[in-house]
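One letter stands for each residue in the lines below.
Number of protein chains: 2
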Amino acid sequence: MRALVQADGRMLAPWDQQDAWVRPSGAPATVRSRRIRPNLTNSVGLASPTSAHPLAEPALSVMLQQRGEEIEAAFASVEPMLRRLAPQQFEGHFPQHAQRELARLGISIEAGELASSWSKPLDLGLIHARCVIATFCNLVEREFDRTHALLEEGEDAESVIRRFGFHGIDITSCADGRLGGVVDFILRVPPAIVVAHSSYGGAMFDVETALHQWEALELRRWRLGLPNDATEPTRYLKIGVYHFSSVDPRHQGCTAHDSDEMRAASALLSRLEEFAGAIQSTHGDATGVATLLIGVDTDTDAIRVHIPDAAGVVDVARFASSGILYGATAGLERDAAKAVIRAAVAECAGVDANDEATEGMRWLCGYLLKNNISQVDAVRASSDGRYSDSGHAEKLIVIGDPIDDVQLRNLAFHVRMDTVEQGAQDLDIGLAILAKTHAPPGLAVPLLVHVVYDERIPGARGRAMARACRLGAAVKNRYGATATAAGLVVQEVVRAEGRSCMELVDPRPKEARG
Amino acid sequence: MRALVQADGRMLAPWDQQDAWVRPSGAPATVRSRRIRPNLTNSVGLASPTSAHPLAEPALSVMLQQRGEEIEAAFASVEPMLRRLAPQQFEGHFPQHAQRELARLGISIEAGELASSWSKPLDLGLIHARCVIATFCNLVEREFDRTHALLEEGEDAESVIRRFGFHGIDITSCADGRLGGVVDFILRVPPAIVVAHSSYGGAMFDVETALHQWEALELRRWRLGLPNDATEPTRYLKIGVYHFSSVDPRHQGCTAHDSDEMRAASALLSRLEEFAGAIQSTHGDATGVATLLIGVDTDTDAIRVHIPDAAGVVDVARFASSGILYGATAGLERDAAKAVIRAAVAECAGVDANDEATEGMRWLCGYLLKNNISQVDAVRASSDGRYSDSGHAEKLIVIGDPIDDVQLRNLAFHVRMDTVEQGAQDLDIGLAILAKTHAPPGLAVPLLVHVVYDERIPGARGRAMARACRLGAAVKNRYGATATAAGLVVQEVVRAEGRSCMELVDPRPKEARG
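Protein sequence lines correspond, in order, to chains A and B.
Numbers given in my numbering equal positions in the first sequence, counted from 1, plus 10.
Numbers given in my numbering equal positions in the second sequence, counted from 1, plus 10.
Think of the hints as simulated: they come from the structure by calculation, not from any bench.
One or more hints might be untrue.
Any copy will do: because identical chains look the same in the list, a pair fits if it lies in one copy or spans two.
Unchecked claim - DMTMM-like mimics (lysine to aspartate or glutamate), calculated; alpha carbons at most 25 Å apart, straight line:
| # | residue 1 | residue 2 |
| --- | --- | --- |
| 1 | K348 | D325 |
| 2 | K486 | D411 |
| 3 | K348 | E366 |
| 4 | K348 | E151 |
| 5 | K348 | E165 |
| 6 | K520 | D270 |
| 7 | K446 | E521 |
| 8 | K348 | D362 |
| 9 | K486 | D438 |
| 10 | K486 | D428 |
Can you make the complete structure from the sequences, with help from the hints?
Quick look at the structure:
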């Protein structure tokens, strides 16, 4: 598979390939038919749109699209409102008027903070950032229904995945906002089975933190039989998600890995191997843990699934591509389409389609590919094969604990961190990205510090408050004054796990303008 | 027991009391005999010295004393060496000569760094700090034998404590250097049974970190049967150690709690209760966990053991005191002395001496009191009843992961931390304490960043290196230049768990002089 790697060490995008994955010699090239070859006249997009793909999930896609539009609309109403208010700021009773107007968007700012004078007009770039943060928090509190499990022959997704042999899925993705819909949109995995989802720059998660997460869950299996008893031979699946850009691979890939998809994939694979190795060495064996490497093309939402072979070995250059499988299955009946995916997965793994040892993982990979094909179809339907914006357009930065309640591509640059000291490298990247889009129109960068606590644990809320304040202070300390020309608005919130209510630590967020 | 609390909310020292612990009404006042009453004419010291206390452990005490002297001697040789070298620094070949001389103390500094000129003499205050750090590291690498288990009727301590119903002891103490000998000297618990020992300012440990530690150990019991099988009904014991000063309670107590022993004890008790509550709420029940509150008088090394009552309730104002029990048992045969302790413990717990439900915890408390009495005896023998120095005399600060290999009172101010962002409050206290003793003689404060890694975990060493560097940089960032008038020398080391070799991250430590 050397051909995949170019002279400069980068990988070619899958549609530039003769072959989307390694075939064991002699194995039938199930996906190498004419049908799956890319439309080379269209050098970037996938095969030309068809009206109804057998694996599309129109009902779910429409629902997701509507939610996406609702989220976009909420943010889109902020700027016109502020534009309208700006010229009125010197009129009498403006603060009360503006307060009422903003309240119509669900945004609460004290009247005193909306007062200006001829010599000191309002800094609407800072107020914009506060409105963005408030809008985001309102969306979280709206509690979108995320239980849209794709039914698999009438069985709910949780049972299906349990039947594949997994009791929990832990997803680590890149902090990049273009992966903002990775769980709900791209992988379409129901939240009930996702035991953890965190994001880091370049998806470079901390092995020791991941080990703790696994230990806590595994202990609950032993002591409480939750989510299932430890005697059941199911596994914990840690999925690592890197990303690349098919439209502009050298500039719109992963910033943390210098837009080098080969490096992004290799580094994440090593981290996943370190995680499995950590469990192996500290708890005797790692048979209860599986890892899976997935790449996302942020221009089409198509995925590469790096299916492990019979020995469990993963190769960054060997994967099944949903983009190619989308074309390969376009003209088929639904069952035939699924059979093509199953065959492609087995071929990529280098095993027989009836191989029992690899069955669960192969089923899961097929499930993810099939799910993702419906997302690829949705992106094609709404965006002519690929997103019109290749680059960054995040609305805010979120640090601290993950927020999955509101998911959308390019919504937030989202970094899990306990301290800025540990997360500074990722945060630097995020601030540089948002400053680039926010500084030119004079907007401050909105940054939400989000800390989750377990309300059953005594004192946890107070400690969460303290952690949120500490994070906020560290951000201000590192980036205050001169660090961001765009200005920065930091708001700390805490939230009880499983609840939607965001509790403001201090109702007046910290503002800094360079 | 209200009488224990004075008008200003502080507690009286135990020897000022009529009664050392609450007696349930009607229970025999086992320790209220004439014998145990303090010698009130000597307002500070314990009862007048006796030549041979029945619970003294002369062999162990001599061994510990010799080790302490060896440690002191290693540090004591630094200053005379530098004093001798100082006037020679302008002579020819001085750097090579000084290098050879320092090598005799096991200290390695490059010749280039020992070069001076008439206009720029050596900063020997900074070099002193480097020598102190090197001396400390050498002592760690010397691998003192810490397996001096006190034999209990021929049974080793590990088995004894297991028989008491505990499979592991986790000790959290204050970062204060005067508790530097808490495991080996004061509690005399063998390292084999101490699964964790960390110190924080005011012993205020992080509940979530402590929860992770317990989860990891508990999971090993379930999966690997280590240290014993989860089916065995033993418990995990978390001991919290606060401290106070009997000589100068208002000034030489715990800095983190403003020398208020009542506050120190109450805050730590709350934290211990939060820890048990966290396990209860996240893992269904906390029956597998016990907590114990202990106070140390840093002037005599005597302890207060706050023995839980039959309902498991601990009261900061109810405890058994080894100082009083020392006097109460002084004239007895060894077996009779042990019987007095057992009776005192049962009385403090408010239960019958044969109560089965509280037996394990009472035995453990008795064991700790008995052990500590031999330390009280050793302190009396060598220091006339109490230490001559009530205050701080730490030689260096250690941050990062704990070091138990070299233990001694007033050796190091020792704070466990993952990041300076989280540990800054504690570190501020430590630096203020050491600056007070170091600035007047022109000495820089030596600070060792110590990070432990599990060499079985892939990549762990590299991550430990990165963490050590990050900690060192954060210290420099926070305290560089002006923060410490005394100057600061920061050296980062990493170490494989269970090994003695300290690996320098950068052989040339960072130096900063305000």
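How the hints compare with the structure:
1. In the homo-oligomer, the alpha carbons of K348 and D325 lie at most 25 Å apart inside one protomer (24 Å), although the nearest pairing across protomers, at 66 Å, exceeds that limit.
2. In the homo-oligomer, the alpha carbons of K486 and D411 lie at most 25 Å apart inside one protomer (18 Å), although the nearest pairing across protomers, at 28 Å, exceeds that limit.
3. Proximity of K348 and E366 under a CA criterion of 25 Å is satisfied intra-copy only: 18 Å inside one chain copy versus 65 Å between copies.
4. Neither within a single protomer nor between protomers do K348 and E151 lie at most 25 Å apart by alpha-carbon distance, with minima of 38 Å and 62 Å respectively.
5. Taking CA atoms no more than 25 Å apart as the test, K348 paired with E165 passes inside one copy only; the shortest distance there is 16 Å, against 67 Å between copies.
6. In this homomeric assembly, K520 and D270 never come within 25 Å of each other (Cα to Cα): the closest approach is 36 Å inside a single copy and 35 Å across copies.
7. In this homomeric assembly, K446 and E521 come within 25 Å of each other (Cα to Cα) only inside a single copy, at 18 Å, whereas the closest approach across copies is 37 Å.
8. In this homomeric assembly, K348 and D362 come within 25 Å of each other (Cα to Cα) only inside a single copy, at 16 Å, whereas the closest approach across copies is 72 Å.
9. Taking the shortest alpha-carbon separations for K486 and D438, both the intra-copy value of 13 Å and the inter-copy value of 20 Å come in at or below 25 Å.
10. When the C-alpha separation of K486 and D428 is checked against a cutoff of 25 Å, the pair qualifies both within a copy, at 16 Å, and between copies, at 20 Å.
Consistency note: the structure conflicts with the earlier hints numbered 4, 6.
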